[in-house]
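Novice: Next come the chains, spelled out residue by residue.
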Amino acid sequence: MIFLLSLTVTGFVRDSLTGDPLPFTQIWVEGTGKGTITNDEGFFSISGVEPFQVLTVRYIGYREKKVKPSGEVMVILLAPAPIELKEVVVKSRKEDFKREIAPSKITFRRRDVERTPVLVEQDPMKSLQFLPGVTGRSDFSSQFSVRGGYPDQNLILLDGAVLYNPYHFASLFSIFDPSAIRKMEFFPGNFPVEFGERLSSVLSFSTIGGNPHRIKGNLYLSLISGRLCLEGPLAGGNFLFSTRTGWFDKVLPLFKIDIPYRFYDIISHYHYEPSPETRIYLTCFLNRDAVEISFHPVDLSIEWGNRVGSFGIRKILGNYLIKSHLSYSHFLNSLSLSFPVMEMNNPFWEVNFRGRIESANEEGISAGWDASFYDFTYEMNVIGLEYNIHDNPVRVALFAKERKRSGKFLVEGGIRGGMFTSKFIERRYYWYLDPRLMLKFFLTEGFALFTAGGVYHQPIVTLTNQMRVGLATFYYWIPVFGKYKPEEAYQFDLGTHSLLPWGEFILDGYFKYYPYFLISPDSVDPQNLGETIFEEKKGFSAGISLMLRKDLGRVRGILSYNLGYSLEKLDSVYRYLSFDRRHSVDFLCEYEITPSLTFVLTWIYGTGLPYTGLRARYHFWVWDPMSEEPSLRSRLGKWEFILSSPNAMRLPSYHRMDVGIRWKTTVKNLSVKIIFDIINVYNRKNVLYYFYDTQKDPPEEIVIHMLPLIPSLGVEVRF
Amino acid sequence: MFLLAGCFPMEKEKEIPDYMVYGIMIAGKPVQHLVVDRIYEPAGAPTGPFPEAEVRVIADTDTIVFEKQDTFYVNQVGNGWAQPLRKLSLEVIIKEEPHETLRSTTLIPGPFSIVLPMDGDTVDSTDVLILTPSDSAYFYIGFVYLVGDTVRNPPLIITDTIFPIFSYTSCFQRPGEYMIKVYAYPEEYYYFLVKERSNIENGFGIFSGCYEDSVRVYHP
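Protein sequence lines, in the order shown, are assigned to chains S and L. Positions in the first sequence are counted from 1; adding 553 to them yields this note's numbering. Positions in the second sequence are counted from 1; adding 22 to them yields this note's numbering.
It is possible that some hints are incorrect.
Below, a list of computed lysine-lysine pairs in the DSSO-like style, where the Cα atoms sit at most 30 Å apart [stated by the list, open to error]:
id	chain 1	residue 1	chain 2	residue 2
1	S	Lys1249	L	Lys51
2	L	Lys109	S	Lys961
3	L	Lys36	S	Lys1122
4	S	Lys957	S	Lys1036
5	S	Lys1103	S	Lys1038
6	L	Lys51	S	Lys803
7	S	Lys1038	L	Lys117
8	S	Lys1191	S	Lys1122
One side of the interface only, derived from the structure: several residues of chain L facing chain S at Cβ under 7 Å [stated by the list, open to error]:
id	residue
9	Pro31
10	Glu33
11	Pro64
12	Leu129
13	Leu215
14	Lys217
Calculated from the model, a selection of chain L residues having no Cβ within reach of chain S, i.e. all distances over 12 Å [claimed, not checked]:
id	residue
15	Pro39
16	Glu76
17	Pro106
18	Glu118
19	Asp141
20	Val169
21	Thr172
Just so you know, the hints here were simulated from the structure itself, not pulled from any lab data. Note that the Cβ used here is the ideal one computed from N, Cα and C, for glycine as well.
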């Protein structure tokens, strides 16, 4: 008798042209009912396969392939097939629906990012603003609030490395070149245990691996910016290099806006596979922004930027995939104001080591670790009021989760335990345990109920002030210390997810309770930072969000609505938080006039956000030591203002419509795309803030508006 | 929950008073000044002249009346009542519509002195100012000016009794004889300056005690 040893077949399925992993690919053993589906990394594992059997690999949009099983790690390349986009989209959406359990999670893959109609530049982050519950504060900031939370409560990752303040000065520019991004995952709430140390949401970017066959690239030029992206094989591996800069300061004066602003950013990525089991990668990200404004007698200079490096190894061990990486994230910023004299600096860096062991199968246990060492400095000097904070906190977290499918239920439960220690003022240790549970119940093949709940902690926070939150381009980050504990939130979601013949519909009710969060007060006592640098708060955000997405046919787009409340609790009354937007409607539409000509239209509406305004003014008297009697202050104007209660006033509603045309053509074998956009097409004068000119007597109210109507023309060439 | 959301008791917006007071009572000064003024809309022309009022300060059993002199209400009956560590109560009765009676209290901080530099010393940017602490003082404000000049340097907030006052380049830009005046204030004045926290009942502003010391120095 001859015994044939059965095999456990593991491997990856990838696009033969781009090298991108193909998630949700079906692999089954012919003649048996045995099979599996690849995960997000394109990874699979099937046990009990006889050596003489044949594996069939199928993914919609690609040519089916039959392969012999092997005991070695396999890399299966599928060639794209000429097929209707509709089938690909429907299949991909169905698989997402079946496998995805995190509430309202949205994944933009490379294809989606390229198709997403956005203006001026394709911008993965701008795609977020069309999702319900995501609120931007102004046209001049890319920062976003998710479900009423502050922008610092969003965890932003690039290939696993944490990015702090990854924003350019104006939201016209994306922080990332879209052609360098393979996948963007957005968890608006109740994110799984592998992510932590933030209270609201996770936005995770993965760079593309680089074309494995030849050097490819694209060049984009517009009236205000330009970028170049190159990818291809290099030294046995693949590389990606992307860089951008802008000439904003040259163009805006044409529209009578004088903001001397410069920026650049660079993303580079290299990966190498010494064997099919092992992949090594290196990602670098650099960006630098600078604004210099002079208006007599005031000179204002602001600079900020990121330096990020990430080194990762991915290895297969039996049925498990082990991913670990070491990253370095350095954020630097400085603000200098000549009058009144003000200097603020907040350079800091983080070295992070994180990893995960995950099963190739959909069900099973996965676990990991996440540890960081930081160096924070915050220096503040305002006319004699001077203080410094320097600390080297350490954070360590361990997590584990298990996913089970049983009948019509899909359940994922996990726990994340963490320790954080800081030594400013005194050495303190903070421990936290974050249990999380997600459940999805499939009533039919295309309709499911979902619910989720979890606990979240955040030990690295920003000096976020209610008054300044809307105007800041970046925030000052510091660790919690002394009596201040890590911020805490409990999240709960309940909703439905429906697949439609041409898209999907998600209804999600959410409640986010903050038993403890920190706000920076208007002023601090430098002699008593341990008691005055933060105000300790309680509050909650709650709302209902609806999203209708149509991604088939010649008309595609997203229509979303969010009803939200975001309040902080005082002793017995409530106060609005800065991102308390009651109603918001977002509409994004792409109309394919011909295969090479597309019209895009976006419209955003939001009821007014709260702000702290001016209620009255009074003469500012000071004691004059020379005349020895009271006199009116002279240098900063003789008037001072009485503020409203925090966030007691409301800005007018915000709305803006942008339109654009995309025209694709070929010139000498080069693929050329012309992009023409008009921002704020009906020139809505959205209010940024109200300013009172106290140099005039009586003071004069001046309304500072957001972006006016701006046309933009861009050309993208692919080679 | 959303039906209930409208039932959350929201914080009430604070009332904006009609009048304000600015009064710094400096220990030992023969003349004390006080300003009674209006509160105005954020923009637009002022809505009238300074209001007429009856102004008095009660120090223990003494009632000190202030008389209107141009912009200020002034008391110049001597320095007997404005003594260190004395509690003062203010009463301002506005004599026009809307009638209001504004009240406040404060404590004049205890005495302190400038230890260094001493009168006649020559100073440069490496020297520091050293004070003996004052009872009840929360913070100090320092002024430096060239004697005989009209240029007013910005005030310096002094939060420690050893302070590098001479390192502020805006203070000593020319050689000559300088006057250094340091004022000790109670907590209420600090919070008025920093957080606009008024201590005037039925009105807005500040009524604060103060203790002053000064030296003349030479900067080469």
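Novice: Classify the label on Thr172 of chain L as holds or violated, using whether its beta-carbon is more than 12 Å from each beta-carbon of chain S.
Specialist: Violated: least Cβ distance 8 Å, not greater than 12 Å.
Novice: Does the claim that Val169 of chain L lies off the interface hold, with its Cβ farther than 12 Å from every Cβ of chain S?
Specialist: The claim is violated: Val169 of chain L sits with its nearest Cβ about 10 Å from chain S, within 12 Å.
Novice: Hinted pair, alpha-carbon criterion (30 Å max): Lys1191 of chain S, Lys1122 of chain S. Please report holds or violated.
Specialist: Violated, because 36 Å separates the two Cα atoms, which is more than 30 Å.
Novice: Using Cβ atoms and 12 Å as the threshold, tell me whether Glu76 of chain L really stays out of contact range of chain S.
Specialist: holds, 19 Å
Novice: For the hint on Pro31 of chain L, just tell me whether its beta-carbon gets within less than 7 Å of chain S.
Specialist: Holds: closest Cβ of chain S sits about 5 Å from Pro31 of chain L, inside 7 Å.
Novice: Glu118 of chain L: least C-beta distance to chain S exceeds 12 Å?
Specialist: At roughly 18 Å from the nearest Cβ of chain S, Glu118 of chain L sits farther out than 12 Å, so the non-interface label holds.
Novice: Min Cβ distance, Pro64 of chain L to chain S: is it shorter than 7 Å?
Specialist: holds, 4 Å
Novice: The hint names Leu215 of chain L as touching chain S; please verify it with the least Cβ-Cβ distance against 7 Å.
Specialist: Because about 9 Å separates Leu215 of chain L from the closest Cβ in chain S, which is outside the 7 Å limit, the hint is violated.
Novice: Need the status of pair Lys1038 of chain S, Lys117 of chain L: alpha-carbon distance at most 30 Å?
Specialist: Given that 30 Å is the threshold and the Cα spacing comes to 53 Å, the pair is violated.
Novice: Please verify that the nearest CB of chain S lies beyond 12 Å from Pro39 of chain L's CB.
Specialist: Check fails; 9 Å does not lie beyond 12 Å.
Novice: Lys217 of chain L was flagged as interface toward chain S. Is the shortest Cβ-Cβ separation under 7 Å?
Specialist: holds, 6 Å
Novice: Between Lys36 of chain L and Lys1122 of chain S, is the straight-line Cα distance small enough, at 30 Å or below?
Specialist: holds, 17 Å
Of the hints listed earlier, those the structure fails to meet are numbers 1, 2, 4, 5, 6, 7, 8, 12, 13, 15, 20, 21, in rising order.
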